[in-house]
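Given the coordinates of chain A, assemble chain B onto it according to the supplied hints.
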Amino acid sequence: MSDLRVNLCGVELKNPVIPASGTFGFGREFNELFDISLLGAVATKGLTLLPRAGNPVPRIAESHGVILNAVGLQNPGVESFLENDLAWLRGKTRVIANVAGSTVSDYEKICARLDGKVDFLELNISCPNVKCGGMAFGVRPESIAEVTAAAKKNCPHTPLIVKLSPNVESIASNARAAEEAGADGISLVNTFTGLAIDIERRRPVLANNTGGVSGAGIKPIAVRMVYEAAKAVKIPVVGMGGITCAEDAIEFLMAGATAVQVGTQSFSDTHACLRILEGIDAWCDAHGVEKVSSLTGTLKCN
Amino acid sequence: MREVTATVLENVRIAEGVYSLTFAAEELPVNAGQFCMVGVNGFPLRRPIAICKSEGERYTVCYRVQGAGTKRLSQTYKPGEALSVLLPLGNGFSLEEGQRRVAVVGGGVGVFPLVAAIRQFAEEKQIYAYMGFRSRSSVCMEYDLRRGEKLVLATDDGSVGYHGTAVQAFMEDIEKVQPDAVLACGPTPMLRALKSATEGRGIPVYASLEERMGCGVGACLVCVCEKKDGTHARVCKDGPVFELGEVKL
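As given, the protein sequences belong to chains A and B, one line each in that order.
FYI, the working numbering numbers position 185 of the first sequence as 376, with every residue one higher than the one before it.
FYI, the working numbering numbers position 16 of the second sequence as 55, with every residue one higher than the one before it.
One chain only, chain B, in its complex shape:
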């Protein structure tokens, strides 16, 4: 991990309330599921955002405008601006050799780290993707999501694709797909639904968790999640990817 002063190349709206920020920084090896902490001038905390794509010195992250910090990020960081970034952080997704058929289940901004996972694993694994969005206007990055064997879009209002959640869409397919592993990211209710739906099937689910963070490097113990044994793990350093069976949601 490094603290770098990056240069903004592009910062554009790609869906309702969602922006894609591309910046140039020193080339570093990035594993899908790793994230970065992006500084926003005037705010005492950096924003943790999953890395969506990294190609050489070009990095792309996508974020939803949620509060004052991300609003400032979307409005004032134009191409050419300097951006303080800490990256790459956390462990990211990893698959064993025998895990060949892989379902990827995501919702909301949870789609973006999974874009990185699909890009990383699509060559050597069979990827079945189930991606949930609010409606047609929030669907984005479809091109990258289509790199696997199959993509099912799910929308809450049925305006495009499956009418329902990504988890429901996945569960309708699970017998057919017979996945060896599941990669997931999304809001906690989605992960809870996925956990209970897959329990007892012996399929490991590797989920990237979200939590409010302080330092981003594992020192301040702010962003913890509870493990099965009652101890706390650091989402930023020990995660953000955990096997869902290992953590309490």
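Excised from the complex, chain A in its bound form:
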């Protein structure tokens, strides 16, 4: 048994495995299948100030090794989360509240509302499936800096992790922009914008037309982006994108991630997070790694 604890932005997690935002709700459903307190943290479904109904269906499509989703941030709103879910979830494990907005002011208000009440805020400026806000903030360094600085002013007591979009020109510049504007950490990658076509109907499969691509097929791109982002900043990085097994997770750690998030894999493999956690432990044991945290950023390029 190796030491699986990691320090993320000054907060200790019992291990580095976190279910990714949007794939795990607020944890209640998966807790019917396994004890979610075994996880390092839970990243919540993206929260907005007011409830959101989300996009029309179909919201999901499948392609080789990947899925596309366009849920459109359906959520019950931050007040419902505070009233009904937060205390329960905090009793289980660390809580990463994923927050989204349409305007800078939305981000300021929701960060202020959650400051001091959750373990981390994850600033979702990379959702590709909403019409205004979302990814619009996460593409250019200038807008990343603006929304990050505004959010950080409103959450002085809670570490702020900025979730970056991969649909960008330079992930390194965007990572630096977040760091310089006051982010305590960054997480990446959110989904890649994609399109799946039903050729019989000659129409997109998704009601929203485009959707966010995730799953095993995006992993090498995500690892490369985590590597480039981690090299560009000093703040901790949470890596994700197509992780299906412990070996995938270890790649992200070596590329520079302090912790990892697992999303799409939980759909075909409900116990994926636990299996990955056990696999990381076994790999560390087999390789004489005493602390999983010692793997972070150890990649030596050829």
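In short, the hints are calculated from the structure, not lab data.
If you're wondering where the values come from, they're calculated on a predicted model, not measured in any experiment.
One thing to keep in mind: the hints can contain errors.
What the hints assert, rightly or not - Computed beta-carbon distance windows for the label pairs:
# : chain 1 : residue 1 : chain 2 : residue 2 : range
1 : B       : Gly95     : A       : Glu223    : 17 to 25 Å
2 : B       : Ser235    : A       : Glu223    : 36 to 44 Å
3 : B       : Lys117    : A       : Gly307    : 17 to 25 Å
4 : B       : Lys117    : A       : Arg331    : 50 to 58 Å
5 : A       : Gly488    : B       : Pro68     : 45 to 53 Å
6 : B       : Gly95     : A       : Cys492    : 56 to 64 Å
7 : B       : Arg186    : A       : Phe225    : 33 to 41 Å
8 : B       : Glu238    : A       : Gly268    : 29 to 37 Å
9 : A       : Ala398    : B       : Arg173    : 26 to 34 Å
We treat Cβ as the ideally placed atom computed from N, Cα and C, and that holds for glycine.
For chain B alone, coordinates are given in the frame of chain A:
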């Protein structure tokens, strides 16, 4: 609900393009109308399929070969193969004590969860079943569908039974049968026709809905349906059975 590694016992074609898959897994209580998510190797999403029969550790589900995933399921999962399954999921059908005369209306693969409903309720309720198929070659599970008071088969081409849809067959009988409730499952156009045909008669229609799913357990909010009040309900967790009057189709 559990995630289990089941063993395939049988996976055979029972009608044109339709397969019956029986697998062994831990015995769990199943309510008619509940479903399972079946994993297919190489595909990132599980396939949601209604549970047709469950007897002890034996479960049977029926599916239509629709795309690459169900094609793979039909071709490579032979007896003895391991199958990753999440079950039982969703709420299933429930009837109140006073609902004694029950019409069951289904079409296409919607017939299969209704097989489970007929098996569950045939003892204590009077079941009148109206089942729609494309043609004679797509009719299946007739033995199980006959467990109630009456079975009317309907085919689009009239090659067997009533020439027309299950809803039309049911509506011709409705005055005679005077059902206290209707259980239904089938394609959305069928459910729309059933909804408009029964509107204003004060008969509750409990319909099992179909939608593309992600997690199957209510976490990812992919498979929603719109309720009357404009909010979204999760088909996998809050359903798949809804009172038809409560949802927009």
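Structure-based check of each hint:
Checked against the hint of 17 to 25 Å, the C-beta distance between Gly95(B) and Glu223(A) comes to roughly 23 Å, which is consistent with it. Distance hint for Ser235(B) and Glu223(A): a CB-CB separation of about 37 Å, consistent with the stated range 36 to 44 Å. Between Lys117(B) and Gly307(A), the C-beta spacing of about 57 Å breaks the proposed range 17 to 25 Å. Taking the beta carbon of each, Lys117(B) and Arg331(A) are about 54 Å apart, inside 50 to 58 Å as hinted.
Under the hint 45 to 53 Å, the C-beta atoms of Gly488(A) and Pro68(B), about 50 Å apart, fit the expected range. With their beta carbons about 57 Å apart, Gly95(B) and Cys492(A) fall inside the hinted range of 56 to 64 Å. Here the CB-CB span from Arg186(B) to Phe225(A) is close to 38 Å, well matched to the stated 33 to 41 Å. Checked against the given bound of 29 to 37 Å, the beta carbons of Glu238(B) and Gly268(A), roughly 33 Å apart, stay inside it.
At roughly 27 Å, the beta carbons of Ala398(A) and Arg173(B) sit within the given window of 26 to 34 Å.
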